[in-house]
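Engineer: Mind docking chains Z and V on chain Y? Use the hints.
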Amino acid sequence: MAIVTLLTDSGETDHYVAAIKAKILSLNPGLAIADISHKILPCDIAHGAFVLRSVFNDFPKGTVHLVAVDSTGNSDTTSIAIQLEDHFFIGADNGLFGLISDKSHQQAVDINSISPMASTFPEKDIFAVAAAKLASGAAITSLGKPISSFKKMIGRSVKATRKLIAGHVIRVDNFGNLITNISKVDFDILSKGKNYTVAFARERFRKINSNYHQAEQGDCFLIFNSLGLLEIGIYKGRANDLLGMELDSAVNITFDES
Amino acid sequence: MAIVTLLTDSGETDHYVAAIKAKILSLNPGLAIADISHKILPCDIAHGAFVLRSVFNDFPKGTVHLVAVDSTGNSDTTSIAIQLEDHFFIGADNGLFGLISDKSHQQAVDINSISPMASTFPEKDIFAVAAAKLASGAAITSLGKPISSFKKMIGRSVKATRKLIAGHVIRVDNFGNLITNISKVDFDILSKGKNYTVAFARERFRKINSNYHQAEQGDCFLIFNSLGLLEIGIYKGRANDLLGMELDSAVNITFDES
Amino acid sequence: MAIVTLLTDSGETDHYVAAIKAKILSLNPGLAIADISHKILPCDIAHGAFVLRSVFNDFPKGTVHLVAVDSTGNSDTTSIAIQLEDHFFIGADNGLFGLISDKSHQQAVDINSISPMASTFPEKDIFAVAAAKLASGAAITSLGKPISSFKKMIGRSVKATRKLIAGHVIRVDNFGNLITNISKVDFDILSKGKNYTVAFARERFRKINSNYHQAEQGDCFLIFNSLGLLEIGIYKGRANDLLGMELDSAVNITFDES
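Residue numbers (the working numbering), protein chains in the order written: chain Y, 450 to 707; chain Z, 450 to 707; chain V, 450 to 707.
Mixed in with the good hints, there may be bad ones.
Since the list gives no way to pick out one identical chain from another, each pair is judged satisfied if it fits inside one copy or across any two copies.
Stated by the list, open to error - The list that follows gives simulated cross-link-like pairs (lysine-lysine, DSS-like), each with its CA atoms no further than 25 Å apart:
1. K600 with K685
2. K685 with K601
3. K510 with K656
4. K612 with K643
5. K488 with K685
6. K608 with K633
7. K612 with K601
Simulated from the structure, these hints should not be mistaken for laboratory data.
So here's chain Y without its partners, still in its complex pose (with noise of 0.2 Å):
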C-alpha cells in the first residue's frame, strides 16, 4: 500500500484535517498517512507549490499526496487527480500543478466525472475518497474520465544572461532565510571562469558559501541550499527582518567581463 501525504491550508485549530484523514482511514485503516503541512497560508497556491515541490520526490515513488489549498470557492473547479513523475497528486484544478515540476504529466483524470457530486467539503468527500482508492492500489483510471489537460499556474522565471541572472526571493522560511529561484544549474552555466557580484538589499557578495558552516553568528551567508537554489541566510537571525526583504525581493548576480 503506498503512502498518503496530505497538504493542507486547513490549519489546526479546526475538525477539517482529522476529517480527511477520518474518511482515509475509514476506507481503508491500513493506510499510513503522512502531513506534510496544515499551515499553508489561507488560498496561498504558491507557498502550498513550493512545499510540495520542494519534498514530493522524497517520498517513494507511487506515494498519494492529497493537496487541500485554495479547493473550495472557485467557480467550475473541478477535482482532478495526476500522474507526475510516478507520483500521484490529488487536488482542485486550481492552477497549483503547473508549478510543481517541469515534467509533463503522465495521466490526469476528472475525479468527480464518474458518479457526480456537489460537496461543500470536495476535500473529505471527493479527495480523500480517491486518495484511499488510489493508495490501495486502484488504478487512477479507474477514479474518473482522462482529461487531457489541467489548469497550470506559471511562477516568476529567472532571467538569465552571460551577463546577469535576475531572480527572485520565493520564500521565506520558518527561519527568515529567503530562499530565490535562482539555481546552481543556470549559474554553474554562466559563472565559468568569471567573477561575479551577488546584490541584494543593500548588500554586495563576491562569494557564495559551500556549506553553512562557513557562517558567523550574524553573518548573512549565501548558499546553494538542498533544493539547487540560491538561499540568503543570517546565522542566527532572521534575514528578511534585518535585510528587509521579503517575498518577490530581486537578488542579482551579475558577472564581470572576463
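Structural biologist: Chains Z and V alone, transformed into the frame defined by chain Y:
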C-alpha cells in the same frame, strides 16, 4: 485494533502530547494514533467540543477518542470513559461530553475507580492507559466501576418559531468563516414556500447559496456547510474581521408572512 | 522495529520536516514515526533539551530520537548517534545531549565518518538515514566510528543548602505555567520537619499543593509536577503574565530554623 485519536489544548511546544503518545505506544506499539487537534484554546471546552462533535463520526465505529481539554485543575473531577454512538470517549468529567451528541450514551465508567491513583498528569497516567486498553480490545466495563451519569454542559440553543430562527455564531474557523448553530434541518422545516431574510451585523441577505462556487472574490456568502449548519463567509477574505463578528454574534432568519 | 521520534525547530510551514519523514519512510516504509514537537524555538537548545529530557523515557526502550535543533550552521559540528539509558539519540554534536540526562552514555559514534558527505541538509541526508537504519535493527556501531565523548552543555544548577534552595524558571509552558529546576527529591531531603517559605516575584507561599485540584479559578498554585519539578501556575490564568515572571526568573525556598 481500533484507532486512538487525540484532542488536546496542550499546544505543540511542550512534552505533554508526546508523553501521552509515548504512554499509549509503550503499552501497545501497534496502535495507530491520529491527531485531531492540539490547538484547542487552553481550557476552552466549547471549542474542544465543537471540533470533536464535528469529526468523531467520520472515524470508524469503535474508535477511541482521548480528550485532554481543561482536564486538570478542577476540584472533584473524575476520569471517565463513555461509549456513545458506538465510539469511545476518554477524558475528564468536566461537561465537554454533554456537548458532542444529542444521543444517549451506551455505557460510562469511572476509569480511576479500581486502583485509584493521584496524578498531576492524568492525561498520561490515567487516560492514555485506558485508551490503550480499549483500543487493544478490552471491554469498557473492565476499565472501572459503572457510573449512571456524567456532567453535561448545555450548548447555546437556537430559538425557532414559524416567524423567526434566532441563532448565534458558535465557531470562527481558521479562514475567518462564521459557523452558526442554525441547522439546515430546522431551516428546511420552517422555510417551506416562504421568502426569508437572514440578518447579521449590518447585512441583510435574502438567499442562501447551495455551494461555495457561487461566490466571487470578496463576496459574502451564506451556505449550509458539510456539518449541516449555516455558515457565513467571505470568499478569500476573513468574514469575522470584515463583518465585525465573533463567537456568539447573533444571526437571525425572519420568514415573510405567506 | 523501533519507533522513530522527531524533535525539530523547523516549524510547520516549510518542507523540512516532511523531507526528513519522507527519507525515513523511503528507506523503510514500515517504520512508525512519532512527532515530539516541531515548535522548538529556532536554535533554542535549552528548549529542545527540556522537552526531550521530559519525555524520552516515556517511549519504549530502543526508541530512536532524531533531534534537529540548531543542527546546521555551526562550524566543525559533527553528526552523532548516542546510546543513553537504552534509548538512541541522533543529531548534531552541539551540546544539547548533555542536558537530557545525568547518566553516562553507553555508546557514541560519528555517523558521518564512514563515507563522509557534505550536506546543507544533514537532518535529511545524514540523521534520517542513520535513524532509519537504527530503527530497522542495525547496530549503532555499524553507523560510524566510535567517539569517546561529545559536547555537553551544562544547565543552570540549583543551589541547595539546609537554609535555602535557590532555583530558577527553566520553562514557561503553553499554559503560562512556570516550571522550575527545583526538584521534589531535593525539597524532601531538606524540608523534613521544617516550615518553609517559597518566594518569587512579590509572592510568598508557605504551602505546596499536592495536586492541582486544590486550586480555585484565579488562584496561584505551587505543585511538584509529573516531572518531579516545582511548578507555579494560576488556575485558568497565565502565571507568567500575571506574576510578571519569565524564563530564568528566581524562585527561592527558605527553611525556618527548627
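Engineer: If a hint holds in the structure, say so; if it does not, say that too.
Structural biologist: To see whether the hints hold, each was checked on the structure:
{"no.": "1", "hint": "K600 with K685", "verdict": "between (40 Å within a copy, 19 Å between copies)"}
{"no.": "2", "hint": "K685 with K601", "verdict": "between (37 Å within a copy, 20 Å between copies)"}
{"no.": "3", "hint": "K510 with K656", "verdict": "neither (37 Å within a copy, 47 Å between copies)"}
{"no.": "4", "hint": "K612 with K643", "verdict": "within (10 Å within a copy, 71 Å between copies)"}
{"no.": "5", "hint": "K488 with K685", "verdict": "both (23 Å within a copy, 16 Å between copies)"}
{"no.": "6", "hint": "K608 with K633", "verdict": "within (14 Å within a copy, 54 Å between copies)"}
{"no.": "7", "hint": "K612 with K601", "verdict": "neither (31 Å within a copy, 49 Å between copies)"}
In the structure shown, a violation is registered for the earlier hints numbered 3, 7, in ascending order.
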